[in-house]
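Going down the list, the sequences are from chains A and B. Quick note: the first sequence uses the working numbering, first residue 908, plus one each step. Quick note: the second sequence uses the working numbering, first residue 219, plus one each step.
To be clear, the hints were calculated from the coordinates, so they are not data collected in a lab. For clarity, every value in this text was computed on a predicted model and none was experimentally measured. In this text, a Cβ means the ideal position worked out from N, Cα and C, and glycines have one as well. Incorrect hints may have been included.
To be verified - Below, a sample of chain B positions facing chain A; criterion: calculated Cβ distance under 7 Å:
| id | residue |
| --- | --- |
| 1 | Asp233 |
| 2 | Gln280 |
| 3 | Val291 |
| 4 | Glu295 |
| 5 | Gln320 |
| 6 | Val339 |
| 7 | Asp340 |
| 8 | Phe341 |
| 9 | Gln343 |
Said to hold, decoys possible - Just the calculated beta-carbon pair ranges, DEER-fashion:
| id | chain 1 | residue 1 | chain 2 | residue 2 | range |
| --- | --- | --- | --- | --- | --- |
| 10 | B | Arg301 | A | His1347 | 48 to 56 Å |
| 11 | A | Thr1150 | B | Arg301 | 51 to 59 Å |
| 12 | B | Arg248 | A | Arg1308 | 50 to 58 Å |
| 13 | A | Ser1179 | B | Asn359 | 46 to 54 Å |
| 14 | B | Glu295 | A | Ala1348 | 46 to 54 Å |
| 15 | B | Arg248 | A | Arg1215 | 24 to 32 Å |
| 16 | B | Asp303 | A | Glu1172 | 31 to 39 Å |
| 17 | B | Arg301 | A | Arg1158 | 33 to 41 Å |
| 18 | B | Arg248 | A | Glu1172 | 29 to 37 Å |
| 19 | A | Ser1115 | B | Leu324 | 33 to 41 Å |
| 20 | A | Ser1179 | B | Leu324 | 15 to 23 Å |
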Amino acid sequence: MPPRRTSSIAIKLTWMNMLVSGVALLVSCAAFVVYDRVTFRETMVQGLSTQAQIIGANSVSAILFDDPDAAGKTLSAVRADPDIISAGIRAPDGRVFAAYPPGSGAGASNLPAILPKQGEGYGFRNGELALVRTIAADGRPIGLVYLRSNLRQLDVRLRRYASIGGLVLGTSLAAALVIFWMSQRAISRPVAHLAETSRIVSRDQNYSLRATPTGNSDEIAELIDDFNEMLAQIQQRDAALQTARDEMEQRVQHRTAELSAANGELEAFSYSVSHDLRAPLRSIDGFSNILLEDYSEALDEAGREHLRRVRLATQRMSVLIDDLLKLSKVTRAAMVRERLDLSALARAVADETQRAEPHRPVEFVIGPGLVSEGDPGLMRVVMENLLGNAWKYTSSHPRARIEFGAHRGNGRPAFFVRDDGAGFDAAYAGRLFGAFQRLHAESEFPGTGIGLATVQRIIRRHGGEVWAEGEIEKGATFYFSL
Amino acid sequence: MPSNDIILLVEDNPDDEALTLRALKKNNIRNQVVVAHDGVEALDYLFATGMHAGRDASEVPQVVLLDLKLPKVDGLEVLRRVRIDERTKRLPVVILTSSVEQQDRLRGYDLGANSYVRKPVDFNQFIDAVRQLGLYWLILNERPPIREN
């Protein structure tokens, strides 16, 4: 897939290359130009020097014979060189012997110093080259000749070089740009392609794409291969994950179906229990009663007692069935979680309990404003059981105090129901919450032993825990957390 | 207590039938009690069809004591048909059953039962319940008019 915009790697590489090439070319050009300038200056100096020597040599006799005109003629030969501004011969005393252009003596002043070894000196100053040479006869200096030249040739040369250099630079850079642009594709195209592919893969989450291999064997080709390898691995892993999920989903469905079936069976069972088990019980109780009523004369006291026991047993069984049904409902019922005013609930249950036996003097102390979250129906069952138990187990005492409040323990918020009634032997506390387990005889306090098991099941469904403390005849406290 | 008012007892269990009749007698309720042993018999009686064909269908019971678990046609179906028919739609029906399943109560009231009473296992309680039912439905309660005029 071609890159939709020019990869910035391409541009970076190109800029880098242009910079390098440009600098290299610039430096080389500059070096050449500098070298040439230096060399050309030398050439210019050389040229002037030669002219000075010639003039000097040709002027010796004119100086020795004190012939300024002859010297002037010799001097005027310099007009062949258009670049010479002025020239002249000076006597050792500084007097201008001859000058060119004739009559000008100005060029004689401000001459560069003569270096003793060379016998001449020169200087580039004020846009001129000035050269001075000693004229010697028989080794004795008899005067000096000076020449002043403009730097026109130098300028021209410099300008020529500048334009050529510029042209070369431009052409080279242009060529470099083109060549480089075409050759950098070998690097930047695969990179851009890789970048594009990975962008698309992560945008679309489509792991079936692959980057096209370049056919080279450099690091980029390796990168592409590894990238494709990773994509293949991701695909594999996705497939494995999907399979695992599907399997899990199937298993969950299967289990849910099993669970619903089990629940359904339980539902049917409970219904049957609730209805069909009671009918025979009713018959047993009813006809035992009829026997007692209509045939009491035919029965002796023992016989009547037997029947009474039959009736008691059936009634007890009826209560047991009811309690068992309640317990089973608690497990199956759908649970909702709402904000619950536990204080209000406790108050309501307490009032109901008191109304059922208004003659009992029981003091209810209900902590105000106690709220929590839970299922209202199920928590009502809990309160009915706990407060009902407290009511029942304080029935042997003349006065009773039943308290409901919040328990400051560690961790979760907890509540308690406390009574000052018969209590229980703490040694058997472990059996308190077992189904059908009782710590008191039926004759002391009636009950089936299902109540606390129901409470425990409900509280556990809320994710909490129940526990109890008690002492014989000192009362009992039942705690629960939600 | 007008003794020509009929109580229709729909009950399939012979023990329960005997006990209910005894409870009524114990409470001095001398109304005629017609017993239907399943849903079909009950409907036959109310609409004067089948085994009760030839009965004067305008003679509607004072109250129907209806058990739910009945063979052939069950209690709720009987209730439904009673409530559909013009002649019987206002007939007082008391569901008297041992089931306390919420479903049954819901369905019963939805289908238009007037009352739902659970049969206690304890016979003395049962006698007391029947007494209260008798007091209410036969004496205190004003039965619906038989026809509009």
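Hints versus structure:
1. At its closest, the beta carbon of aspartate 233 of chain B sits 4 Å from a beta carbon of chain A; the interface hint therefore holds under the 7 Å criterion.
2. Annotation: glutamine 280 of chain B was flagged as interfacial toward chain A, and the flag is violated, the nearest CB pair being 24 Å apart, outside 7 Å.
3. Taking 7 Å as the C-beta cut-off, the interface hint given for valine 291 of chain B is violated, the closest approach to chain A being about 17 Å.
4. At a threshold of 7 Å, the smallest CB-CB gap from glutamate 295 of chain B to chain A is about 17 Å, leaving the interface hint violated.
5. A hinted interface residue such as glutamine 320 of chain B counts as satisfied when its beta carbon comes closer than 7 Å to some beta carbon of chain A; here the least separation is about 9 Å, so the hint is violated.
6. For the restraint placing valine 339 of chain B at the interface with chain A, the shortest Cβ-Cβ distance is roughly 4 Å, inside the 7 Å limit, so the hint holds.
7. Annotation: aspartate 340 of chain B was flagged as interfacial toward chain A, and the flag holds, the nearest CB pair being 5 Å apart, inside 7 Å.
8. The beta carbon of phenylalanine 341 of chain B comes within 4 Å of a beta carbon in chain A, closer than 7 Å, and the hint placing it at the interface holds.
9. Here the hint on glutamine 343 of chain B is broken, as its CB sits about 9 Å from the closest CB of chain A, past 7 Å.
10. Against the hinted window of 48 to 56 Å, the Cβ-Cβ separation of arginine 301 of chain B and histidine 1347 of chain A comes to about 50 Å, which satisfies the hint.
11. The beta-carbon spacing between threonine 1150 of chain A and arginine 301 of chain B, approximately 56 Å, falls within the hinted interval of 51 to 59 Å.
12. Arginine 248 of chain B and arginine 1308 of chain A have their C-beta atoms about 53 Å apart, which keeps the hinted 50 to 58 Å range intact.
13. The hint said 46 to 54 Å for the Cβ distance between serine 1179 of chain A and asparagine 359 of chain B, and at roughly 34 Å that hint is violated.
14. Between glutamate 295 of chain B and alanine 1348 of chain A, the C-beta spacing of about 48 Å keeps the proposed range 46 to 54 Å intact.
15. Distance hint check: the CB atoms of arginine 248 of chain B and arginine 1215 of chain A are about 30 Å apart, consistent with the given range 24 to 32 Å.
16. Restraint check, aspartate 303 of chain B to glutamate 1172 of chain A: a C-beta distance of roughly 37 Å satisfies the suggested window 31 to 39 Å.
17. One distance hint, 33 to 41 Å for the beta-carbon pair arginine 301 of chain B and arginine 1158 of chain A, is violated here, with the actual separation near 47 Å.
18. The beta-carbon spacing between arginine 248 of chain B and glutamate 1172 of chain A, approximately 47 Å, falls outside the hinted interval of 29 to 37 Å.
19. In this structure the hint that serine 1115 of chain A and leucine 324 of chain B lie 33 to 41 Å apart at CB is violated, the actual value being about 56 Å.
20. One distance hint, 15 to 23 Å for the beta-carbon pair serine 1179 of chain A and leucine 324 of chain B, holds here, with the actual separation near 19 Å.
When the structure is compared with the earlier hints, violations turn up for hints 2, 3, 4, 5, 9, 13, 17, 18 and 19 and for no others.
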